[in-house]
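There are 2 protein chains.
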Amino acid sequence: MAAGLGVKAAPFTYVAHALAVAAAVMVLVWCISFRGGLAFEADNKNLVFNVHPVLMLIGYIILGSEAIMIYKIFPKLNHDTTKLIHLILHTIAIVLGAIGIYCAFKYHNDSGIANLYSLHSWLGIGTIALYGIQWIFGFVAFFYPGAAPHVRRGALPWHVLFGLFVYVLTLATAELGLLEKLTFLQSTGLDKYGAEAFLVNFTGLVVVLFGAAVVVVAVAPAHAEEPEGYAPIPVN
Amino acid sequence: MAAGLGVKAAPFTYVAHALAVAAAVMVLVWCISFRGGLAFEADNKNLVFNVHPVLMLIGYIILGSEAIMIYKIFPKLNHDTTKLIHLILHTIAIVLGAIGIYCAFKYHNDSGIANLYSLHSWLGIGTIALYGIQWIFGFVAFFYPGAAPHVRRGALPWHVLFGLFVYVLTLATAELGLLEKLTFLQSTGLDKYGAEAFLVNFTGLVVVLFGAAVVVVAVAPAHAEEPEGYAPIPVN
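Line order of the protein sequences matches chains A and B.
Residue numbers for the first sequence follow UniProt numbering, beginning at 1 and rising by one.
Residue numbers for the second sequence follow UniProt numbering, beginning at 1 and rising by one.
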């Protein structure tokens with residue numbers, strides 16, 4: 001669709017990378033400087049929770065975003081190489097995402113907090129399940145054993161469309177998570193207009209802008225002459 | 001982009017309408033049966049708040065969604081007529097959205113609750129501001145006085161892309177609002193796994209599926225033979 005706008009992907013990849021760095025720094029400052037740091041085992045259970053936003057944002061969303069953008073970041077690289085990087089980045093993202101979700105459950109269980117009652121948790125579990133389904137279909141159809149060329153060609157736009165749907169859901173889930181955690185903190189006394197509240201809210205805004213840039217990169221062509229952005233290179 | 005998938009808009013308009021009815025019923029049941037009803041003036045300030053989710057979901061999001069889909073709902077109608085319905089529906093949506101936001105502020109102010117500190121409020125204010133900018137540009141470029149035909153043709157894909165960006169932001173804001181209100185209620189004793197919690201969370205899921213259907217309708221062609229979904233009819 002962005003092909004019809006006459007914009008190329010390259011400048012948006014730079015914007016996306018800058019916003020990714022900003023979001024990564026912001027979530028680290030939040031969880032380390034404001035929330036006390038990160039730990040997989042600690043007497044202070046909050047440190048276990050802190051791993052959750054860091055892994056979900058940097059591991060799951062940012063690495064997943066780089067995987068999405070990889071064909072437009074390196075448009076001249078050998079297609080098999082970019083496809084392999086796409087697969088590896090998504091694999092690391094989903095593993096780090098699973099560890100991040102584990103940390104949230106561990107924090108809940110160790111602290112006597114209920115699991116899976118909030119819209120954040122529902123959308124989050126649904127989203128990583130869809131992400132996993134997308135990974136499996138993508139692996140089987142495009143990597144090993146790989147479908148017949150005409151099947152791949154028909155499946156690719158669905159892979160892109162469903163992938164972007166799952167991607168937007170991950171962004172929405174991240175926004176819900178930031179709001180939910182901050183609401184808990186504010187209900188137990190955190191200043192509603194303090195530095196930490198503003199840091200978390202601005203992290204939410206940066207994630208929205210980052211996600212928008214990534215979606216534009218995904219649908220925009222790598223080169224101006226291409227008619228459609230989502231299939232820059234033959235599928236076989 | 002969905003044009004490349006070979007799907008037509010029509011079946012997705014039916015899905016969207018069914019989900020819109022479901023979401024509307026769910027938010028009304030929540031605000032009337034569970035939360036005590038709706039009022040612009042009342043001793044029970046909660047009734048004033050209840051107008052907010054009802055107007056934002058039914059007035060702002062559902063009417064705005066119908067406006068987005070109108071070209072695909074009535075593909076054979078005269079283009080000037082559908083364009084006028086598109087404009088009128090978006091105008092009603094933005095007015096009802098503004099009234100809905102007013103009710104949230106009125107509830108806060110009458111109850112001594114702080115304004116504009118949450119990510120929901122930040123994204124919400126930002127989104128309706130962008131919606132207003134989109135309305136003004138659309139009115140001037142496509143309705144009155146109207147830009148030159150070649151300018152319209154160049155502006156239309158941007159109108160669609162920016163419109164869909166704003167639309168996805170309204171959906172994200174709705175999800176944040178549902179989670180925020182439910183979190184407040186649960187922090188003051190509402191059952192985390194009770195009927196009301198499930199109703200609100202499922203409303204959030206229905207809104208996500210509804211929004212996905214609307215976006216597919218917007219990018220899919222009305223007829224299979226059209227090459228691109230976002231410009232089914234000449235712009236002039």
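If you're looking for bench data, these hints aren't it; they were derived computationally from the structure.
Any given hint might turn out to be false.
Stated by the list, open to error - To spell it out: a stretch of chain A is covered by chain B in this simulated footprint if at least three of its residues, at any positions, have a beta carbon under 8 angstroms from a beta carbon of chain B; those stretches are:
{"#": "1", "segment": "61 to 68"}
{"#": "2", "segment": "180 to 190"}
{"#": "3", "segment": "199 to 207"}
What the hints assert, rightly or not - The calculated BS3-like cross-link candidates involving lysine-lysine, where the alpha carbons are at most 27 angstroms apart (straight line), are:
{"#": "4", "chain 1": "A", "residue 1": "Lys181", "chain 2": "B", "residue 2": "Lys83"}
{"#": "5", "chain 1": "A", "residue 1": "Lys192", "chain 2": "B", "residue 2": "Lys106"}
{"#": "6", "chain 1": "B", "residue 1": "Lys181", "chain 2": "B", "residue 2": "Lys192"}
{"#": "7", "chain 1": "A", "residue 1": "Lys192", "chain 2": "A", "residue 2": "Lys181"}
{"#": "8", "chain 1": "B", "residue 1": "Lys181", "chain 2": "A", "residue 2": "Lys106"}
Glycine is no exception: its CB is placed at the ideal position from the N, C-alpha and C atoms.
Here is what the structure says about each hint:
Requiring three or more residues with a Cβ within less than 8 angstroms of a Cβ of chain B, the coverage given for the segment 61 to 68 of chain A is violated, as only 0 such residues are present. As drawn, the segment 180 to 190 of chain A meets chain B at 6 residues by the rule of a beta-carbon pair under 8 angstroms; at three or more, the given contact holds. Remark: the segment 199 to 207 of chain A is confirmed as covered by chain B, as 4 of its residues place a Cβ nearer than 8 angstroms to a Cβ of that chain, reaching the required three. Taking the CA atoms of Lys181 of chain A and Lys83 of chain B, the gap is near 43 angstroms; set against the 27 angstroms cutoff, the hint is violated.
At roughly 19 angstroms between alpha-carbon atoms, Lys192 of chain A and Lys106 of chain B fall within 27 angstroms of each other, so this suggested pair holds. For the hint pairing Lys181 of chain B with Lys192 of chain B, the CA-to-CA distance comes to about 13 angstroms; that is within 27 angstroms, so the pair holds. With a CA separation close to 13 angstroms, the supplied pair Lys192 of chain A and Lys181 of chain A stays within the 27 angstroms bound. Between the alpha carbons of Lys181 of chain B and Lys106 of chain A the distance comes to roughly 26 angstroms, so the proposed pair stays at or under 27 angstroms and holds.
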